Amino acid sequence: MSTEPMAAVTKGATPKSQTKSHGIDIARIYRKYGTILIFAGICILASLLSPTFLTEANLTNVLRQVVVVSLLACGVTFIIILGQIDVSLGSVLALCGVIATSVMATTGSIALAVLAGVAMGIVTGIINGFVITFFRIPSFIMTLAMTTVARGAVLLYTGGAPVSGLGEFKVIGQGSIGPVPISVLILAVFVAISWVLLNKTKFGRYVYAVGGNDRAARASGINSDSIVVKAFIYNGILCAIAGIVLMSRINSGQPAGGVGYEFDAITAVVVGGTSLMGGTGTITGTIIGSMIIGVINNILNLMNVSSYWQQIIKGLIIAIAVILDVWTKSARSKKKA
Amino acid sequence: MSAAMGLARLNDSASGHSSRGDDVVLEMRDIVKAFPGVLALDGMNLKVRAGTVHVLVGENGAGKSTLMKILSGTYAIDGGEILFKGEVLTRQDTSAALERGISMIHQELSPVLDMTIAENIFLGREPAMSEKGFLSRFVDFTRMNADTKALLDRVGLKYDPETKMRDLSIAAMQLIEIVKAISRQASLVIMDEPTSAISDTEVAMLFRQIADLKASGVAIIYITHKMEEIFQIADDITVMRDGQFIAAAPASEYDPSKLISQMVGRTISSIFPKEEVPIGDIVLSIEKLARTAAFEDVSFTVRAGEIVGLSGLIGAGRTEVARVIFGLDEADGGTIRLNDAELKLKSPKDAISKGIAMVSEDRKAEGLVLCRSVGENISLANLKKFAGGLFISERQEETAAQRMIKMLQIKTPDTAMIVENLSGGNQQKIVLAKWLLGDLKLLILDEPTRGIDVGSKSEIHRLMTEFARQGLAIIMISSELPEILGMSDRVVVMSEGRVAGELTRSEANQESIMRLATGGH
Chain X
1 MSTEPMAAVT
11 KGATPKSQTK
21 SHGIDIARIY
31 RKYGTILIFA
41 GICILASLLS
51 PTFLTEANLT
61 NVLRQVVVVS
71 LLACGVTFII
81 ILGQIDVSLG
91 SVLALCGVIA
101 TSVMATTGSI
111 ALAVLAGVAM
121 GIVTGIINGF
131 VITFFRIPSF
141 IMTLAMTTVA
151 RGAVLLYTGG
161 APVSGLGEFK
171 VIGQGSIGPV
181 PISVLILAVF
191 VAISWVLLNK
201 TKFGRYVYAV
211 GGNDRAARAS
221 GINSDSIVVK
231 AFIYNGILCA
241 IAGIVLMSRI
251 NSGQPAGGVG
261 YEFDAITAVV
271 VGGTSLMGGT
281 GTITGTIIGS
291 MIIGVINNIL
301 NLMNVSSYWQ
311 QIIKGLIIAI
321 AVILDVWTKS
331 ARSKKKA
Chain Y
338 MSAAMGLARL
348 NDSASGHSSR
358 GDDVVLEMRD
368 IVKAFPGVLA
378 LDGMNLKVRA
388 GTVHVLVGEN
398 GAGKSTLMKI
408 LSGTYAIDGG
418 EILFKGEVLT
428 RQDTSAALER
438 GISMIHQELS
448 PVLDMTIAEN
458 IFLGREPAMS
468 EKGFLSRFVD
478 FTRMNADTKA
488 LLDRVGLKYD
498 PETKMRDLSI
508 AAMQLIEIVK
518 AISRQASLVI
528 MDEPTSAISD
538 TEVAMLFRQI
548 ADLKASGVAI
558 IYITHKMEEI
568 FQIADDITVM
578 RDGQFIAAAP
588 ASEYDPSKLI
598 SQMVGRTISS
608 IFPKEEVPIG
618 DIVLSIEKLA
628 RTAAFEDVSF
638 TVRAGEIVGL
648 SGLIGAGRTE
658 VARVIFGLDE
668 ADGGTIRLND
678 AELKLKSPKD
688 AISKGIAMVS
698 EDRKAEGLVL
708 CRSVGENISL
718 ANLKKFAGGL
728 FISERQEETA
738 AQRMIKMLQI
748 KTPDTAMIVE
758 NLSGGNQQKI
768 VLAKWLLGDL
778 KLLILDEPTR
788 GIDVGSKSEI
798 HRLMTEFARQ
808 GLAIIMISSE
818 LPEILGMSDR
828 VVVMSEGRVA
838 GELTRSEANQ
848 ESIMRLATGG
858 H
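So the sequences go chain by chain: X and Y. Oh and the first sequence: position 240 is 240 in our numbering, straight run, nothing missing. Each number in our numbering comes from the position in the second sequence (counting from 1) with 337 added on.
One or more of the hints may lead you astray.
[Claimed, not checked] The calculated label-pair distances, taken between Cβ atoms and stated as ranges, are: (1) G470(Y) - S50(X): 55 to 61 Å; (2) K501(Y) - G160(X): 47 to 53 Å; (3) G470(Y) - K32(X): 52 to 58 Å.
Hints in this document: simulated from the structure, not taken from any laboratory. All values reported here derive from a predicted model rather than from experimental measurement. All C-beta atoms in this analysis are idealised placements derived from N, C-alpha and C, irrespective of residue type, glycine included.
Pulled out of the complex, with its shape left as it was, chain Y reads as follows (with noise of 0.2 Å):
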């Protein structure tokens, strides 16, 4: 089955049942959601059709996954209205909404891998052997299967009840879990970034369920960053973008570049210190690096003193680079070149010996042991510099955490204190310290200033140009366009595992970027 076919079928039963597409199943007016520190939502507007696909754009960051999470009944809202199916919503109803009939399909699935699929379907809601008494704690497991097979034969999947989820791929289970949202007889389904990790085969069977779905009547919120997919499958769209309303109009008004520039249609703030530093000699270039399922085809270079932004979206196959050239993982082909010498990366410490690091985008998890002080983190990566033989000189090794404390201007009591206890700003700033301790070449910033508040944001990219300065080639990926665009002196774009394209700073532009990461031309 292609895409196309997919595609016909669900212009088909919209046509059929356009009359239902009047009914408005959801609306959300002015919502307004606030993290300490951050208005994640201002003012935010939905209105969703019954009967209807509606696609959800905006840039990462956008604000999307909050408003998602409100619905669902993960956030409670600061301000505005909730209506659903005409009642207005308020926090605890919104909990219970999951009841009355909103379906949430995330990003990431997590069913249970070792049960069948007649158990994932019915997880906490199995069917006993009778209404009351003691019969009521067994589980009916004949009603649940054939529950069940009815269920996959309306949709018309031919998989066995009894099969178990670890069996499927990854469209199987997405399906799966449509045939949950359909069994608890949802009337609004959210999809968030559904085809993010399947096939065009595995799309099209998605979709042929999507119109199904509409068919009977069911809205659908869609969540997207693929542009063709957009057009495909939306009935209408609504754009958002910093947590605010920007548009919303049936798909037929949009075309693609109409789209991008809603989305990202803001000026850059000068919050950015970036200054011309004097640009040296290649210190890295890596040609046609591949590694399998994950990216293939890159190729490019960083200079000394260059901050090169490597942008897409999530997804793309960035990070995955940067792990191949900080050693984490392997490439399966291609070559890396440092200073004109190849190197052949087994392991991070070797990465390291050569004078490249890399800032992990998830710094709890790689970047730093929490439990432990100030002090021993800044060392952790360089000890040997402090230790000529056995021992580790204390005094040496105080001394140089000082001097980056002072540095970074990284605000902790002392270089005792547990890392735990500081600000996400403070501990990225660890981090930093930690790698600007040794003889670096090559720096990979992994999304530096995520979960980070303004203030130390922008004391971090103060401090990329410092280092870019002293002659440090970056290497910056960002899911935050302004951030690219702020800081680059060069961007790299990827999509789908390959580069879609360079563009000089002069060049780079939120519209030249979404068009390359978007996959258009």
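With the rest of the complex left out, here is chain X (with noise of 0.2 Å):
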């Protein structure tokens, strides 16, 4: 506190823009590289744990186990830059999955079924969003009630029974493109829309901004509050073709499916370099994010580590993830001063 009025003393006398610093700076090395650096770290560290892990099967494998969790990490992304959270993607993508999978055994149409489950997901989006942002709710609360609606309205909706007969629906999960699984596709096509959205777009700009400083971006004429709920009805959508690929690969409409699955999620976007605190994060950062995810359960299980152990990692990897983040955060502003 005391400190506090000479440093913005110091800031107004000297330019710091001419003062860089030279030398090995590792907190702006691992801000600005950190991420890639730890992948390609855990890839090696993989090939050499397990001759199996660099066959092509595997690769496939991994990326069709990481499909689901990235689909939840993009739109999740755009909640976190924005300085808010989403604890439900889990429950929410159980409900949009099992409307699909619903609306897929009683029509048959694959159409039909996708455009439920996304207009479950918009619903569930404008939702959150309307709440938080009308009556001032932080979101963790918010969306922590929506996690048991969500999941509790799909269980009565099911009567807790799985949905079945689901004819082709499972070509989404399972098919492929020549060697390319669709669910990749499908995932490639919501990576390039989540961050051509975020850099190309005004909406992206003002996630930034909103997140960044909502007081500043409110005296830009930003309408902060048509962002967040946009931002949610975005996360929705992708919530609900998570729910579909998800369900599509089982080929069942599972009302438990999808459970804790928000934490790998937001752990992806965590480890990707995406600050909780809002106003900076990448797409790239988040798949790169849950690709890490992926590749240590992979070894994991190639390993055979126990599902009990893997739990206990994966736990350890977003808490060092965060302490990563606020003490490269603060070693910086340590400089400053």
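Combine the two chains into a complex, taking the hints into account.
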């Protein structure tokens, strides 16, 4: 507290742009290249630990496995850049996926099924976004409530029993075009859309601005509430797509599916360098982050590590990623003072 | 209880203990404090006698708060000497001086609202169940409440020690702070504008407590801008200006005009690159504008090419008026007309679409997204210019940003530089650039050069002249009188939420502005 005014005066007096620091700055290197270096390191480690890791079959398998979490991660990246959070991803995924399979079972139309699932995703996104912005409720609490509401709704709707008799529906999650799985293509499309939205549109800019400084964004004429609602809608759509891909792959509408997926998705985003404080983050980072999580899962499976251990390891990863984020930030601000 | 009665008691106790007034409690000699690029204090002296109220006066920025922060141990001194009760204090001693009997009541109170009065008074030094051992870890609430009750009784306050701070008025919190100071057995209490947020009745209560403190031999350093208050309460007055000691004398030797001339008595340097530019038609006209608890009956006009300085003391309502014109807050009454069309502003978005922009006094909180790049910040308020459809044309955006960087001479390696890493002056220019990108008619600048080094300051002043030449109407809020006098074509002075008067460039001088600002006529 006491040094604050002095720091401000220092800032006014010396143009920092001219006093760039030379020499090795670990914090800065980590912030810039950290995720890609970690990903490369983990891949090298994985190929040393298990000879099967680098086989084509295994790598395709890794890709298939990361699709669902990556889709969720792309959507929630927008939310986290906004400085918000969504912990209802897994439940909303199940709700939308089951609605899609149920429509599939009754109509036999993939298009209608996908539409119904996505519509459900939009609805949950509107509800989350509206309640958060209109009533000024912390997004953590609102989406925590949504977690059990969505899960309850899907269990109520199905009576707890899986939806079956899905006909051609499985092609989304299991089919391939040439050597490339359709689900991976779907992911590629949404990664591209997310990247373009975030980097090339006004909406993307406003997401960064609102997350970086809501007051400044408002004072610049940005309707930040509408940006938050739109981001939650996009996030809801991606939950629905993830749900459709997951239920199609297992060829069954599972009301209990997707439990805990939000954890993997948020971990991927944070490992990918998006700050939980908002304002910074990238889609490429998020994708590398979910690949890191995917490869770690894969290598632990290949080495027959108990799933209990896997949980502990994943928990440690998110804690370390956040510690590194905070640490590199404070290292930067210390340099300034 | 009226202010007059409070004053009467004050005088009683002063005469009753006049002998005590001769021993000096605190002496600060030739105090020097330098911040990088600024000499905040340059040979400041202060001598405070026991059992007196010593009023410290000076313009905003004269160095009063810096001096007090030195006393309370926040800053170390770069030169000079502090004697407290005859002992020389070094930096370490100064921090410890809080224990030794210096107590500061800050301008902005920071009570823990959800704790009780007793818990606030004893925060950090709660009485324990026993001196030693296991029980010393437990708070003895019975004793804490009883002690608080005794303290409150002593000063004649009828509060329950278990009342939550949240349920008290600002004045009551202020009084509780004083009780806290007494409970620490302070022999010197510093009060920084304690009446800035409280009503007349509450001022009377406060003054009564001050009288009692004086009576028990406590010395009080009192900072205020309010002229009438100074002469009500002061035993001694010290005037400071630009970090320097100007004069000190018993209050009886001063009258308001002598005090004002000592506070401001300086010739303005010619660093203000003000040029006469042709003044055009009325752009903004506000009439009887009001907002509850902030300001009322505010009317003035601004013409194209004109710089109108909005002057007044901190808290006079200047920023509040600006916020309404920019749509950040809504008015409760009155009209705003821009180029003869009445405006109904619901948000800054409305104001921006009409060509109104505001550079906030707090550029970090409201002007910039610090964690984003220079380019992104410059284009933020005008992205639609670069995005006909869905996508942003990055080439156009980059070109525009480069043009602004060149025009405003922003020192940055490229547009991708993160704003956080630039100096205050450059950051402020980015805020200006952000607005200049749009089609502006009215620019509101709130403290445009606060916290900026001298070089960037005069550059921003040069730019203001340039904007005026291009036909922009400009409202400049500033707490620095030289800046107001140097840059304004006309000065509107506000005092306590009202327009106290309007002065032309030739009528405006430091005395005339200070007289209006302090409520004199």
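Against the structure, the hints come out as follows:
Under the hint 55 to 61 Å, the C-beta atoms of G470(Y) and S50(X), about 60 Å apart, fit the expected range. At about 48 Å, the beta-carbon gap between K501(Y) and G160(X) stays in the expected band of 47 to 53 Å. A beta carbon spacing of about 55 Å between G470(Y) and K32(X) agrees with the range 52 to 58 Å that was offered as a hint.
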